[in-house]
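Residue-level listing of the chains:
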Amino acid sequence: MEEKASNIAISVKNVSMHFNMCSEKLNSLKEYFIKFIKRQLFFSRFIALENINLNIKKGEVFGIVGLNGSGKSTLLKVICGVLKPTIGKVKISGRISPLIELGAGFNMDLTARENIFLNGAVLGYSKKFMNEKFNEIVEFSELREFLDVPMKNYSSGMVARVAFAVATIVKPDILIVDEILSVGDFKFQEKCNKRIKELMQGDTTVIIVSHHMEEIKKVCNSVLWLDHGHLKMIGETEKVCNAYKNFS
Amino acid sequence: MKKYIENFIKYFPLLFLLTSKDFKLKYRRSVLGVFWSTLNPLLIMIVVTSVFSVILKFSLEKIRMPFAVFYITGSLIFNFFSEASSSSMTAITANASLIQKVYVPKYIFILEKCAFSLINLMFSTIAVLVVVFYYVLKGQVVLHATIFLIFIPIFFTFLFSIGVGLILSTLTVFFRDIVHLWGVILTMWVYLTPIVYPIEVLKFSSLDWVIKLNPIYYFVTDLRKVMILGEIITLKSLIIESFSCFIVLILGILLFKKAQDKFILHI
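First to last, the protein sequences are chains A and B. The first sequence begins at 1 in our numbering and counts up by one. The second sequence begins at 1001 in our numbering and counts up by one.
Wrong hints could be hidden among the right ones.
Only pairs whose alpha carbons sit at most 16 Å apart, straight line, appear in this in silico EDC-like list of lysine to aspartate or glutamate [stated by the list, open to error]: (1) A:K84 with B:D1261; (2) A:K218 with A:E60; (3) A:K89 with B:D1261; (4) B:K1021 with A:D109; (5) B:K1021 with A:E60; (6) A:K30 with B:D1261.
Listed next, the stretches of chain B that the computed footprint assigns to chain A, with coverage defined by at least 3 CB atoms under 8 Å from CB atoms of chain A [to be verified]: (7) 1004-1017; (8) 1097-1110; (9) 1253-1265.
Just so you know, these hints were derived from the structure itself, not from any lab. Just so we're clear, the structure is a prediction, and the values are computed from it rather than from any experiment. We put the CB at the ideal spot given by N, CA and C, even for glycine.
Go ahead and model the full structure; you've got the sequences and the hints to work with.
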């Protein structure tokens, strides 16, 4: 697979992620010293990802499937830059907007208005930019009348609306979607789906993690199958999905 | 290096918003609002002054200023250090949910806590100025032009707190009981800093040396010098101050940088 470097949005090279799992969780200095003196400090190594290689082209819709605990979320976190891989390198060109868990970084004591600006800053947008886009976000979330209410008084659906609106205000170069399309009422879900489809048709690269095989089949160009941290299969949607289905 | 600066500029709005978030949350739904930061040191000063100026009657002529002024200037610096270090200590663990989901430069949280404490310090400075002017009117304190130099010891304390904050926040991620330990250390530290007593009290005791190893002693003394006594900071203490800030900051940055990729596994 020879690709032009400029065509690639995400390149993951020889990435391995190991965790040192302590047999017990040690959180205190006292415990640590006692165990240390008694020589009872054991670490076991857990391999979450092993030698993953992949290139995702610009504008591609890329699906990741696998059973629970197969390392899907770990891979997404490595791509987002939240986790640093033990070995290997991840190269990203463009701005990532993670939808991993909507509303990360909301402070429930603040009002929606304050949270929109805070969340924008978390995603690395400037204040000027947020001022320009503020109305659009509010429009999309349809919550104008509750703007100055602290978010702890919001329902979970309302929180998700605001979060989704903030995360998709700009066309990000790379959008990461981890099972989120079940937020809000059916009308808002439709709206979200429409928004994501718009993004997919543009040149945004989308990574989707889902257990809904139908959905993956419908939207993805290619799919990666992870199994216990190993890359089991990568390629055309149809082929990988069928193999995955037959396996599990 | 250029990469780090660009990243810092990109996330500067976040630093600003987090600080203003803390500010809003602290004073939301309080009637006197931000004036608590001014009122608080004043009230404590009144209590401490009425007790200690009686206890320490004999050594008070050594401090060359009214006891109230002596105490409130010292506590200004130490309260700032204590607040900044304790709040940045838990900065990483408190923002766990954010750090686990989105990439954000993690030192932002420590900087934010120190910046927020700095804002509180500004309001406490108003209290100090009130006390100073009260004694100026009474004729017990003379104003000097050197009062404009107060930002020097404050700046050093700020840098020192960032360094300590980086170290503490890193340790707290791995060992949660640092939080309790730090409370004890801060109490010891405040007694080893000449805030309620003049250093001359300890002239011939062995504690004299211990106190002079304490960087905050220099910050406090220099603040009093420029603010009340109209003296200029000596080159010697400037060197000691910048040297101790430098050491603590470098230590903090190195430790934090080395450990920050492992934070996510422990929070």
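Checklist entry - Has the given pair, K1021 (chain B) with E60 (chain A), been kept, meaning a C-alpha gap of at most 16 Å? => result violated, 38 Å
Item to check | Claimed coverage, the stretch 1253-1265 of chain B by chain A - three or more beta carbons nearer than 8 Å | outcome: holds (count 3)
Item to check | Distance restraint between K218 (chain A) and E60 (chain A), which requires alpha-carbon spacing of 16 Å or less | outcome: holds, 13 Å
Checklist entry - Do three or more residues of the stretch 1004-1017 of chain B come closer than 8 Å to chain A, measuring C-beta to C-beta? => result Coverage by chain A holds here, the residue count being 6 at a Cβ distance below 8 Å.
Item to check | Hinted pair K1021 (chain B) and D109 (chain A), Cα distance within 16 Å | outcome: It holds: about 10 Å lies between the C-alpha atoms, which stays within 16 Å.
Checklist entry - Are the Cα positions of K30 (chain A) and D1261 (chain B) separated by 16 Å at most? => result The given pair, whose Cα atoms are some 24 Å apart, is violated under the 16 Å limit.
Checklist entry - Under a C-beta cut-off of less than 8 Å, do 3 or more residues of the stretch 1097-1110 of chain B approach chain A closely enough to confirm the stated coverage? => result This one holds; 8 residues, not fewer than the three required, reach chain A with a Cβ under 8 Å.
Checklist entry - Under the criterion that the straight-line Cα-Cα distance not exceed 16 Å, is the pair K89 (chain A), D1261 (chain B) satisfied? => result Roughly 14 Å between the alpha carbons, so the hint for K89 (chain A) and D1261 (chain B) holds.
Checklist entry - Under the criterion that the straight-line Cα-Cα distance not exceed 16 Å, is the pair K84 (chain A), D1261 (chain B) satisfied? => result holds, 6 Å
Violated hints, listed in ascending order, are 5, 6; each of the other numbered hints is respected by the structure.
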